[in-house]
Amino acid sequence: MMNNPNSENPKKRLNGGLPPADVVQDGIALRLRELYSNIENEGIPDNLLHLLEKLDEAERAQTAKQSPEV
Amino acid sequence: MADAENHQLEFKRELLKTLPSLRAFAISLTGTYDKADDLVQEAVVRAWSRQDSFELGTNMKAWLFTILRNEFYSQMRKRGREISDAEGTYTEQMSVHPNQIGALDMKDFLEALNKLAEDQREAIILVCASGFSYEEAANICGCAVGTIKSRINRARGRLQELLGIDGESDYGPEPHIAAVLRHTVSV
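Protein chains in written order, with the numbering used here: chain A, 1 to 70; chain B, 1001 to 1187.
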């Protein structure tokens, strides 16, 4: 198993969504946050962006129907 | 008219900003990318249809997480235990980047997480990873703050047990503890 030479590094990298001050920052909490931020950093997948576009279009069509004169 | 448009724009901006975290919540909650995908899509559609009821300036993240969580439990009720019984699927689904430190550790971790009771799992994710306060997590889960704290403690204990790591070490057990654990298991 690879040993991380800087065991402090993960704490510094994971700065988003800091838990409450009295949550014990043990190996469990650190790994969980590393897992979580790895996923966050994958960005938003295309199918989800497509869905948002579709919702947007549907909404615009709906608005146009409701107020054709604006 | 301008107000309504502003509300829509702001709503979308906030929604987009929250999506990566909402997705991370869904994946860590369900343990699989596929199910998480469905869940996030359902939650987004639901949130979208209720956007008029969302008050700008209030906590969009907590609002979205609550919607996704409710969706998770209603899907679980529909499908029975299937959702939390998907061991073995993470390995293929989790994208592993070659230079990602501890990628294997992360897969083990996700598997262990999925063995927890749902209420413990969501509590530890919301507070230790999503960045909610105990109060916010309690609101999202509809329980008392003390309940959230004790669920987190139980989740932590169970994860330490499953992963064989003690609370102090960042990456894996100390060699002598690992040796003791191996010994205990093989006896």
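Hints were generated in silico from the structure; no laboratory data involved.
Treat the hints with caution; some may be incorrect.
[To be verified] No farther apart than 25 Å at their CA atoms in a straight line, the calculated lysine to any residue pairs in the SDA-like style are these:
| no. | chain 1 | residue 1 | chain 2 | residue 2 |
| --- | --- | --- | --- | --- |
| 1 | A | K54 | B | W1063 |
| 2 | B | K1149 | B | Q1120 |
| 3 | B | K1061 | A | P20 |
| 4 | B | K1017 | A | P45 |
| 5 | A | K54 | B | R1050 |
Legend entry - Hint numbers not upheld by this structure, sorted from lowest to highest: none
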